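Visitor: Given next are the chains, with one letter for each unit.
There are 2 protein chains.
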Amino acid sequence: MLLCDIGNTTYHFFDENSSYKEDAKLFNPSSIKREVFYICVNSSVKERLSLLDNWIDLSLHVDMSRYYKTMGIDRIMACEAIESGVVVDAGSAITVDIIKNGNFEGGFIYAGVKAMNECYKNISAQLEYSFNFELDLDKMPKNSRDAISYGYLGLLYKEVASYGMKIYLTGGDAGQFSKLFLNSDVDELLLFKGMKNIMKKANLC
Amino acid sequence: MLLCDIGNTTYHFFDENSSYKEDAKLFNPSSIKREVFYICVNSSVKERLSLLDNWIDLSLHVDMSRYYKTMGIDRIMACEAIESGVVVDAGSAITVDIIKNGNFEGGFIYAGVKAMNECYKNISAQLEYSFNFELDLDKMPKNSRDAISYGYLGLLYKEVASYGMKIYLTGGDAGQFSKLFLNSDVDELLLFKGMKNIMKKANLC
Chain G
19 MLLCDIGNTT YHFFDENSSY KEDAKLFNPS SIKREVFYIC VNSSVKERLS
69 LLDNWIDLSL HVDMSRYYKT MGIDRIMACE AIESGVVVDA GSAITVDIIK
119 NGNFEGGFIY AGVKAMNECY KNISAQLEYS FNFELDLDKM PKNSRDAISY
169 GYLGLLYKEV ASYGMKIYLT GGDAGQFSKL FLNSDVDELL LFKGMKNIMK
219 KANLC
Chain X
19 MLLCDIGNTT YHFFDENSSY KEDAKLFNPS SIKREVFYIC VNSSVKERLS
69 LLDNWIDLSL HVDMSRYYKT MGIDRIMACE AIESGVVVDA GSAITVDIIK
119 NGNFEGGFIY AGVKAMNECY KNISAQLEYS FNFELDLDKM PKNSRDAISY
169 GYLGLLYKEV ASYGMKIYLT GGDAGQFSKL FLNSDVDELL LFKGMKNIMK
219 KANLC
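Going down the list, the sequences are from chains G and X. Throughout the first sequence, residue numbering follows our numbering, covering 19 to 223 in sequence. Throughout the second sequence, residue numbering follows our numbering, covering 19 to 223 in sequence.
A hint or two may mislead.
Stated by the list, open to error - Pair ranges (Cβ atoms, derived):
#1 G:S142 with X:G120: 26 to 32 Å
#2 X:S180 with G:L69: 48 to 54 Å
#3 X:D156 with G:S62: 35 to 41 Å
#4 X:R84 with G:N201: 35 to 41 Å
#5 X:R84 with G:K197: 28 to 34 Å
#6 G:D156 with X:R52: 47 to 53 Å
#7 G:S142 with X:N46: 23 to 29 Å
#8 G:L78 with X:S180: 39 to 45 Å
#9 G:N60 with X:D154: 29 to 35 Å
#10 G:Y181 with X:S49: 54 to 60 Å
#11 X:L222 with G:E206: 57 to 63 Å
#12 X:Y181 with G:F45: 49 to 55 Å
#13 G:E146 with X:M19: 48 to 54 Å
#14 X:R66 with G:E206: 49 to 55 Å
Stated by the list, open to error - For lysine-lysine, the following DSS-like pairs were computed, each having C-alpha atoms within a straight-line distance of at most 27 Å:
#15 X:K64 with G:K176
#16 X:K157 with G:K176
#17 X:K139 with G:K64
#18 X:K64 with G:K160
#19 X:K160 with G:K157
#20 X:K197 with G:K176
#21 G:K139 with X:K43
Stated by the list, open to error - Footprint (simulated), chain X over chain G, 3 or more residues, beta carbon under 8 Å:
#22 69–82
#23 171–180
Because the hints were derived from the structure by calculation, they are not lab data. Since the structure is predicted, the reported quantities are computational estimates derived from the model, not experimental observations. Beta carbons are placed, not taken as given, at the ideal position from N, Cα and C, and that holds for glycine.
Model the full structure from these sequences, guided by the hints.
Guide: In structure tokens:
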């Protein structure tokens, strides 16, 4: 069974034993002849894939009454992966979603590390610092790097910690964020778990 | 007594009874002949002003042992304006500083409204929303606009409210933020109060 999570820059494949990525600009989806169960956040790629019979769009099998209309399909799959907890998906954006007893309770969208670095830099060259993921959050900062890191990372940490739930960390920056969320469960394949759960519900496997 | 707070885009003047702004690109500081007590975050403007005898740099009269080296002089003046509380200066960046019994206890730097709007937009066109300053913070969001507003405004609100101190709101976006910080004290001239306090300490008035 081949799964694929398609973002704006990569096709991320998972085939039971291994996961690998292909560049979205270079990869030709018709080069794959076996069945692929996919999710895709890019509407033009999605249109292209709808013409290929062996590419099966899992978003069509989601019970959307559990979520909201404009919610990203990647967020939904992360939510489908767990029973209770908070999912922090740290990619170009950081999505934070709460799931209680299998129900989506709401969530929010924060800027990703790269975007936020650019954002501070665009405000002023004096605000261009790399974030300190090992910041001491018990003290109010008294230097520029920590003042910026606290603004970006500290506020996110405090919000997420305030839920008192198990934290599931995924996405390209999960490794970095595991230094901040020390007791979190890091799982870069979390979305694929959600995809498998959807397939089970829809009797696709 | 003429005071001036010089940012990257404007000269903001205050002369006891009124305040007015001049465009930093167009304004010629040597057109003023009387004494001007100023602070300036722009190093090239600062160099130019150092050649004019009637422009007096108030940053030279600050006891810097109370702050930290790279801290913006505008933040310092806002801190000098109050005895106890939290100052939220909402401009191109948002600075949040805690003052207890006249002592600076630390603070952090968050992105301003305009920069953050750009930031979300740059991540994805799907994240381009105006922020909802009247967001209900007691509920986790279940729509895109509120998910983004909560990420940006909600986390800031919760952090600032957690101090349990009086909130002083200043800066160009203070009006908008007063919808979020309902019981805050909005004072667009707060920095000038700090400047006057520095002048008193230094026997300049």
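Visitor: When the structure is checked against the list of hints, which entries are broken? Sort them ascending.
Guide: As far as the earlier hints go, 13, 15, 19, 22 are violated by this structure, in ascending order.
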